[in-house]
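Chemist: Okay, here's what each chain looks like letter by letter:
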Amino acid sequence: MTTNNFFSFSRFSQIGCKLIIENKKAAIMRAIVMFASIFTLLCWISYINYSSAIDRGGFSRITDICEGYNLNAFLILIFVFGIYSASIMMEDLKTKVGKINVLTTPVTPFENWFARWIIHVILFIAAYIISFFVADLIRVWIFKIAYAGSGLTISTLNLDYIIQQINLITDGHPSFIVLAYLTVQSFYVLGGSFFPRHSLLRTTIVGFFGLLIFFLGDYIIFREFFKNININLGETILRGIMLVLIAFNWVTSYFRFKEMEVIDRL
Amino acid sequence: MIEVKNIKFSYGRKKEPILDNFSMKLEQGNIYGLLGKNGAGKSTLLYLMTGLLTPKSGYVEYLGADVRRRLPVTQREIFLVPEEFELPKVSLISFIELNSVFYPHFSKEDMITYLHLFDMDIDLNLGELSMGQKKKVFMSFALATHTSLLLMDEPTNGLDIPGKSQFRKFITAGMNDKHTIVISTHQVKDVDKVLDHVIIMENSKILLNESVSNITDRIVFTESNEKDLPENTIYSTSSLKGNYVVVPNTDNEETDLNLEMLFNATLAHPDKIKLCFAKQQETTSKAERRNDNDDK
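Protein sequences appear in the order of chains A and B. Under our numbering, the first residue of the first sequence is numbered 1, with each subsequent residue one higher. Under our numbering, the first residue of the second sequence is numbered 1001, with each subsequent residue one higher.
Since the hints were derived computationally from the structure, they do not count as laboratory data. A couple of the hints might just be wrong.
Cross-link-like lysine-lysine pairs, in silico, DSS-like; alpha carbons within 30 Å at most [unchecked claim]:
hint: 1; chain 1: A; residue 1: Lys-94; chain 2: A; residue 2: Lys-25
hint: 2; chain 1: B; residue 1: Lys-1205; chain 2: A; residue 2: Lys-99
hint: 3; chain 1: A; residue 1: Lys-99; chain 2: B; residue 2: Lys-1008
hint: 4; chain 1: B; residue 1: Lys-1005; chain 2: B; residue 2: Lys-1272
hint: 5; chain 1: B; residue 1: Lys-1005; chain 2: A; residue 2: Lys-96
hint: 6; chain 1: A; residue 1: Lys-96; chain 2: B; residue 2: Lys-1008
hint: 7; chain 1: B; residue 1: Lys-1014; chain 2: A; residue 2: Lys-99
hint: 8; chain 1: B; residue 1: Lys-1227; chain 2: B; residue 2: Lys-1241
hint: 9; chain 1: B; residue 1: Lys-1189; chain 2: B; residue 2: Lys-1178
hint: 10; chain 1: B; residue 1: Lys-1205; chain 2: B; residue 2: Lys-1056
hint: 11; chain 1: B; residue 1: Lys-1108; chain 2: B; residue 2: Lys-1193
hint: 12; chain 1: B; residue 1: Lys-1056; chain 2: A; residue 2: Lys-96
hint: 13; chain 1: B; residue 1: Lys-1037; chain 2: B; residue 2: Lys-1272
hint: 14; chain 1: B; residue 1: Lys-1056; chain 2: A; residue 2: Lys-94
hint: 15; chain 1: B; residue 1: Lys-1014; chain 2: A; residue 2: Lys-96
hint: 16; chain 1: B; residue 1: Lys-1205; chain 2: B; residue 2: Lys-1189
Label pairs and their computed distance ranges (CB to CB) [as the list claims (entries may be wrong)]:
hint: 17; chain 1: B; residue 1: Glu-1084; chain 2: A; residue 2: His-198; range: 16 to 26 Å
hint: 18; chain 1: B; residue 1: Lys-1014; chain 2: A; residue 2: Ile-241; range: 30 to 40 Å
hint: 19; chain 1: B; residue 1: Lys-1014; chain 2: A; residue 2: Leu-201; range: 23 to 33 Å
hint: 20; chain 1: A; residue 1: Val-244; chain 2: B; residue 2: Glu-1084; range: 34 to 44 Å
hint: 21; chain 1: B; residue 1: Glu-1003; chain 2: A; residue 2: Thr-183; range: 40 to 50 Å
hint: 22; chain 1: A; residue 1: Arg-256; chain 2: B; residue 2: Asp-1256; range: 45 to 55 Å
hint: 23; chain 1: B; residue 1: Glu-1109; chain 2: A; residue 2: Thr-183; range: 51 to 61 Å
hint: 24; chain 1: B; residue 1: Ser-1010; chain 2: A; residue 2: Asn-4; range: 31 to 41 Å
hint: 25; chain 1: B; residue 1: Pro-1104; chain 2: A; residue 2: Ser-37; range: 39 to 49 Å
hint: 26; chain 1: B; residue 1: His-1186; chain 2: A; residue 2: Ser-37; range: 46 to 56 Å
hint: 27; chain 1: B; residue 1: Lys-1169; chain 2: A; residue 2: His-198; range: 37 to 47 Å
Derived contacts from chain B toward chain A, CB cut-off under 10 Å, selection only [claimed, not checked]:
hint: 28; residue: Arg-1069
hint: 29; residue: Pro-1088
hint: 30; residue: Val-1101
Glycine residues also receive a C-beta, built at the ideal position from the N, C-alpha and C atoms.
Here chain B stands alone, though its shape is the one from the complex (with noise of 0.2 Å):
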């Protein structure tokens, strides 16, 4: 799928750079969550995941190409929808016509579909739509051109409260195995149930990069309304009864995941965390070691 292959990057000759040896590979099929504080270069990554920025050093690999040469034939497998962005002051079906022909796999019955969960319809202009409603369009007509790689910078900011839980309908809607979305935020709470990925970045490096399942297989988030913490306690975090907790998950617990506390757990003790997807790394590959000698 994309790869990041050691990549450095800095805005100016003089300023520290944001991404420094930077390596990621996102594989198909997923929707990952890409999160970090404010300045550790989550939408940086994801311009140079589009071509927008040209790195120091590196490069990032998609469908075999050196995404900064920005071909059409890799443009039009990559849809970013950026925290910002402006639409042109036409008719919804016009856009539709002009930018659609760019994209091959492109379904207007999708993209109604996807208005329709933003409780919008295609007969709208451009030009008399809030923020909010725009980028519900926008993210639609994204979802829509069935790019094999979505890219989207705060999807959820702008938008009103039914709009937040629209979007998590509207998500997996659009999801398939042949896709890839990203979805870098800090609306965790947006996002958390539609994640099967989550990927936490801080100074150039990944802190975490785990599967849903593989983290609440691993880590239980809950809630105790005892004084004293556990003594395996990686978090903990003071609650209305008591504290919210985050441990290692030795009795095969099932907890949903609570991306908040695993943020913040992973970031103030990010070794603690490494430390339990460690021990099972370990298991995986002496069970690939063992099943290699079967074979042989």
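Chain A on its own, in the form it takes in the complex (with noise of 0.2 Å):
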């Protein structure tokens, strides 16, 4: 076995396994729960644009009227789980039994931080990502029995609509969208090390007194001192600004980790 006391892949592999296997009954409900959300609010969106098309008669025959509400829905459900996800990064260290569990396991304080943000970001997406296609795929099933016959177009959302209206929205700059949500969710991330019990409600608690502060600083003296700075260079000091924090963020909540002990300090 290797000695190396920062990372060892195999350590890596073995300690992702264990966290997820060891808690693969939770994450299966979790996602079941996240599945049938999107699949509900999905039907509910479809039911009320196609019975209200079909009572008030013209619409749309080329493409799905409930495209922009689909694309709505997936944007705000994305960050909606995916703060919940972050915020359950470090759950199981909110009793001392969990502490001493996760603690006494030998492996490097990295490789298990590292291993809980694989499962909890990036699998994160990856699950949403085919929650969501897979329950609007069931969605045009059913939808297209129901109305056949009605000449309306039911369709699945296509990935080149959700780029285009990406870009639309963020005028060009798809990035942006990307590092909002990295940003949101990175804070949940660093909440949960700090408060392994409660961490959503006490992270938004937080966050919020962060956010007033934030918009406080902004009006008193961002506005005064980017009041003649150009919009592109704007946006590339709030795109860094956004970086530097998710990339404090993730790395806090990694030496918080690091120095957690059994007992509570705060």
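Assembly of the complex is requested from the two constituent chains, each provided in isolation within its own frame, with the hints serving as guidance.
Modeler: Structure (structure tokens):
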């Protein structure tokens, strides 16, 4: 066995497997809840729009009239579930017993933290996208049967449309929305390492006051400071700030995890 | 082996330290009994020895490294069985597959042997077990990891009556010269037959740190039906027949260790107990000095 005391791929994969398999029941339950929520919302959007379109008459026969709403649902729900996924990253550290179990496992703090990060940040995105597109596909099957012969175009949300609309929303800077998502999610990753118990609620409260201070500071300082800066430079600075925040939140979360003890010192 | 060096620890900045300038050294191949009153710092000491707590000053060294760094190379040689723990709701086979990979000396055959000592089998689902059964499984896994240091906090709590005697067989089955086991407990009757070293601590001090053979060489634990206690009585307590008595072993008598009496005597009269061993230490150091001179 390797004696590398920072990162060993074999230990990393072992702790990853342990985290996934030992928590698989809870993870499956959460995935089912996520899928059911997405499916219910998509069906509700479709039902409202298709029925009112038929009642009203005149509707587009080229594109799905729900496309825009579905895209909004896709973006809102990825924020909601992404935040939730990040807030439970340190869930098993909320009790003394759980902390003993986690902190005595012979892996480095980095391997342990990184495995959690991969599961709750990266694997979550994959699980979300799969759940969304499967839910959308089932919605299309159901509504195609329900509204057969109505002349409605019922189709799944396609990738080209998503990219095109995100470009439109962000004025040609789609990375902005990705950075915004990661910034918000990274706050909850950090929050989880400070408040393993009631992480979602506590981080939201702290985030609320943080935003209040930010907007106050923005109003007093930044508006004056950036008054004469052109919009492109302003956007670049904002993107830079978000990148720094994401890195800061992830790194701080790791160090907080590394220094964690069996008791809470906060 | 493991060395606790001048540890100072308190649960909060303004709180009184639980351990203050506390030092201790444990040698390989022994089963240590760690005894102390509630709040003496036994569990805290075990957490410090596994790197789960950060001391204000001092450190714990094991295999040449500070345990607080929680390096895998030291952690794979230390296993802690806490008083309370949780097991995932998976099959025992799956639990073993997922967790044994972290311990290079783990033996599945030994795990099965230890489970059999507790009348259990490997074909179990951890989610369906009672707390006592979970404890038996977890202790079997702990012993099967063959870590060189095994720390157990109140291991017999929650075990049924046969479980307590099975525990004694279990510990002796898993012990060899390469291992060190530390058992922190209040259930002295459950472990007194398996210990070969006793540590009694109070107020950040070690009141007694002696091998069982030394203790029984120096102290006699007996029951007396005479009304008058012997003059040199260190400690006594009433019994059905008369009195349980702890006296210095002046006539080389052979008695079994009575851990409860030893514990009470040590807390009540630490100086008298210390005196029993001081004489021996004096003799030992004189002999050592004589040997040194002979060598020169």
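Chemist: If you test the structure against every hint from before, which numbers come out violated?
Modeler: The structure breaks none of the hints.
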